[in-house]
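K.L.:
In case you want the letters, here they are:
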Amino acid sequence: MIFGLSVAVVVAAVASLAFGAVRVPFGDVVEALSGGEVPDAAWKIVVDLRLPRSVEAIVVGAALGVAGALLQGALSNPLASPDIVGVTGGAGFGAVLILLVVPSQVALLPLGALFFGLLAALLVFAVAWSGAGRGSVGKLILAGIAIGALFGAGTTAILTAYPDRVPSVLFFIAGGLTSDGWHDLGAVWPYFAAGFVCAVCLTRPLDRLALGDEVAASLGTKPRTIRLLAGVAAALLAAAAASLAGLLAFLGLIVPHFVRMAAGTATNTFVVPASALAGAALLLAGDTLARVVAAPVELPVGPFMVLLGVPYFLYLLRGAV
Amino acid sequence: MVRNLGYPNQIDTELRTSLRAVKPAVALLVLACVFVAAAALGATTGDAGAADKRKRIVALTPFAANTLVNVGVRPVAIGQMAVGHKGVSPRLKGVRQLPLSHPNGPNMEQIAEIDPDVVLTSQAWRKGTATMRDLAITVREMDAATASAVPSKIRAIGRAYGKPKQTDRLVRKVNREIAYAVKGKPIRERPTVLMVLGVGRTPYVFLNNSWGGSVAKRAGAKLLGGELRGSGGYVKVSDEYVVQQDPDIILAVPHGNAEDLPAIREHMLSNPAWSTTKAVQNGRVYVTLDDALLQPNIDVGHTIKRVRTQFLKNW
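Protein chains in written order, with this note's numbering: chain A, 1 to 321; chain B, 1 to 315.
Just chain A, with the same shape it has in the complex:
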């Protein structure tokens, strides 16, 4: 299945580079990517706009898939997603704050979303890992819901205070990639890198955690520490993804389930990398559709991912035990 998903990513990436609002002959696309002679506009479109956007789609899709897989594995909760650690609410608040309250600092949008996404996650962990029953799954989930609601209220308050400025923030809330060159990815790649490295290191401990806290502890794994690390890694990945592509938390919820049901296995050594590939393929395909369906108008990518992913997910769910 890993091979099949890798092929899907490659096919989706080729489609993402080949199709867009402007028709560029496939030969020119290949020429431009290989450094050959092509018209300036074609080179600009393929190399400066489509290539960074496709790479962003791969990274963001993979990050959200992995974040969801880590959280579902660590919390043993099928409904866990980046929302649960407050990242989505925090990132949304950060973006709205910058776009509406201090629009002159719009260049800081990705870092603002990242900062508040991580701040929300930090608050969730601080609450969940303090007092009686520290580090318990129930406490983490409740803290996540409460902190998420807090930032959600802040977002609503800002939207209400600046109704004339709301159009600027709609695309971020709906979720979608922008043709922004390498700049934003260049600013947040360390967070992706740290999150992915953590995720790779956590796959085996998470498999042990799946056997139950007591069994995991007897095998030398510290359940609460693993949960905390998985939460931190998921927060890094989800916040970095939100900073580039807005609020697409749905991907983090659905992709790991999709992978588990399609492969019939729940081992994290498989689910985590497979979720990365499936998330990347789904976001690439969704983004390509969002760019070409009503071209030159660009639509939010969220509905297209739902359109692509949900029917197959429901089909798998129907047959699931």
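Because the hints were derived from the structure by calculation, they are not lab data. Every residue, glycine too, gets a C-beta built ideally from N, C-alpha and C. Nothing false has been slipped in among the hints.
With the Cβ distance kept under 7 Å, some of the chain B side facing chain A (calculated, not the full set):
(1) D239
(2) E240
(3) Q244
Here are some of the chain A residues that sit facing chain B, going by a computed Cβ distance under 10 Å:
(4) D40
(5) D164
(6) S168
(7) L170
(8) S179
Put chain B on the given structure of chain A with help from the hints.
P.N.:
Below, chain B without anything else, positioned relative to chain A:
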């Protein structure tokens, strides 16, 4: 005696002369009484027309408020604009202002307290229309969606609630200002203008059917993507399309404060997707906070003139 006998005759003659002179005045008085009685009867039977002019009117948009005050009607309240009194006639100073919030518009308790007969609103506040109608208020959408709709909307408001002569005078004035604004060297080749709403990398462009888009088009611009369809007059277009269309001018209408303009312009100029466009190469990227490009108003001629001279530079 003769003198005495003759005196009444003289009086009789003078009286008859006076009566002849008074007759038209009496006739006029009788006519006036009949007219007033008819008007009063008309009002009780819900007849429109003359009675409408005495209605308590709330104007939520600057367009409706300015139209009313220019055709001789003072609204009982106006919508509070985000930009304060800018864009609203000084003659409306002292009129109660109602804060507006999306998507309902005014606070319904305040509306109920004012108890107007008519609320002139716009499409933006449509969600609140049903509630106002439940309060037995007549609600009419009377905002000019595009520059070309201004004269007809002024006529609609003026004829329903104002004075015909003042309405005609206002329409003539607006048409004169528009004609003056587009006067000058004929435009041989219209510049392609990418007109962007808001901030961020996402270019929401003004369409031909938006207020700002129609103003720029009237000023001589050919809007990039203007012919596309999108609700609300704005749509997000692909950067690839911007590169392909290669606009001559980029005109951004973000939100923010005047001191934010340099930073916002810098951000727009740094957009890698736009770097090769003629607009960026030739330094024709403009950022304006001019609310007149977002908010319909009756001084559309001045706005067209401003777009033409400041941004299109009589292209």
